[in-house]
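So the chains spell out like this:
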Amino acid sequence: MPIDDLQQAAQKIAELLSNMNKLGGFRLKYRISAGDPQEEDTAALNVELAGPDTPLLTQHNGELLRAFETIAAQVLRLDQREQSQISFDAGNFKALREAELKMAAETAAAKVIESGVPFAFPPMNSRERRVLHMVLREIEGVETASNGEGRDRFLAVYPEGKTHLPVAAQAKPRFGGGGGGDRGGRGGRDGRSGRR
Amino acid sequence: MKETGKIAETVRGTNMTQHEMVAVEELVREIARALVDEPEAVDVQTVARDESTILKLRVAPGDVGKVIGKQGRTARSVRTILSAVSMKLHHRYTLDILEEDEEV
Chain A
1 MPIDDLQQAA
11 QKIAELLSNM
21 NKLGGFRLKY
31 RISAGDPQEE
41 DTAALNVELA
51 GPDTPLLTQH
61 NGELLRAFET
71 IAAQVLRLDQ
81 REQSQISFDA
91 GNFKALREAE
101 LKMAAETAAA
111 KVIESGVPFA
121 FPPMNSRERR
131 VLHMVLREIE
141 GVETASNGEG
151 RDRFLAVYPE
161 GKTHLPVAAQ
171 AKPRFGGGGG
181 GDRGGRGGRD
191 GRSGRR
Chain B
1 MKETGKIAET
11 VRGTNMTQHE
21 MVAVEELVRE
31 IARALVDEPE
41 AVDVQTVARD
51 ESTILKLRVA
61 PGDVGKVIGK
71 QGRTARSVRT
81 ILSAVSMKLH
91 HRYTLDILEE
101 DEEV
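These protein sequence lines map, in sequence, to chains A and B.
Our numbering applies: residue 1 is where the first sequence begins, and numbers increase by one.
Our numbering applies: residue 1 is where the second sequence begins, and numbers increase by one.
For the record, the hints were derived by calculation from the structure and aren't laboratory data.
A quick note: this is a predicted structure, and the numbers were derived from the prediction, not measured.
The reader is advised that the hints may include incorrect statements.
Okay, the calculated bits of chain B under chain A, using three or more residues with CB under 8 Å as the criterion [what the hints assert, rightly or not]: (1) 31-45; (2) 58-64; (3) 68-77; (4) 81-94.
Think of the CB as a built atom: it goes at the ideal place given N, C-alpha and C, for glycine as much as any other residue.
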């Protein structure tokens with residue numbers, strides 16, 4: 001369900017964040033504002049966090065920031081696709097991350113075009129995969145597709161028209177990911193091992 | 001204020017204060033209450049150990065999916081928040097979500 005009462009939704013988010021400060025010992029300031037309804041692709045509610053604990057939010061690739069956003073989306077009963085209705089940011093983290101992803105996408109595209117070999121990004125959430133996808137759509141000579149399930153879902157870049165080529169997922173960029181990430185892609189799961 | 005030894009206000013056998021433990025328990029309760037359809041059925045019990053404290057969360061059977069979320073996203077987010085809290089308070093808190101009929 002989309003957010004039909006922004007005022008009430010903002011209040012719920014404020015309550016959640018106030019509890020984080022009061023009970024969780026966080027030191028965060030927050031500002032909740034409505035997005036521009038005229039503009040496409042913007043969130044209905046923007047939550048800007050600041051204060052001494054901002055680095056906690058943005059470390060580990062913004063893990064805590066995303067956790068806050070996920071909980072807020074659940075509290076507002078937004079499903080996964082509707083989660084883009086709210087956007088949490090801290091210290092311009094999202095804009096910086098987007099610029100970083102854009103650069104990574106351009107580098108990957110150049111590499112794929114030059115080598116003819118597909119490239120796999122590390123597993124990312126849907127929002128980040130979407131950023132990559134949008135950038136790569138504008139680049140001629142490559143195609144993208146998402147592979148893998150759930151947390152392991154990753155975006156792969158293929159030479160145009162060659163999405164059938166096998167691509168190995170990168171090992172998870174986390175600690176204690178448990179159980180070998182088959183980085184080399186050798187001994188492929190589908191019997192197409194070796195040849196690329 | 002930094003606790004160095006087992007002073008009166010720390011929870012016995014741990015380095016955290018009673019106040020902190022109650023606050024973190026209350027935080028988990030408040031998050032859970034906001035997530036579920038039956039907030040009155042939310043129950044959090046705390047098991048304090050030397051090194052870590054386990055928060056056992058029980059919700060109405062119909063709400064278990066809501067606190068876990070698709071592919072465990074919600075539960076994972078609550079745990080991420082708890083680990084940040086743990087870092088701030090220098091004491092590890094973990095979350096157990098109890099299924100129906102499970103003993104505390």
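Each hint, compared with the structure:
no., hint, result
1, 31-45, "holds (count 3)"
2, 58-64, "violated (count 0)"
3, 68-77, "holds (count 7)"
4, 81-94, "holds (count 6)"
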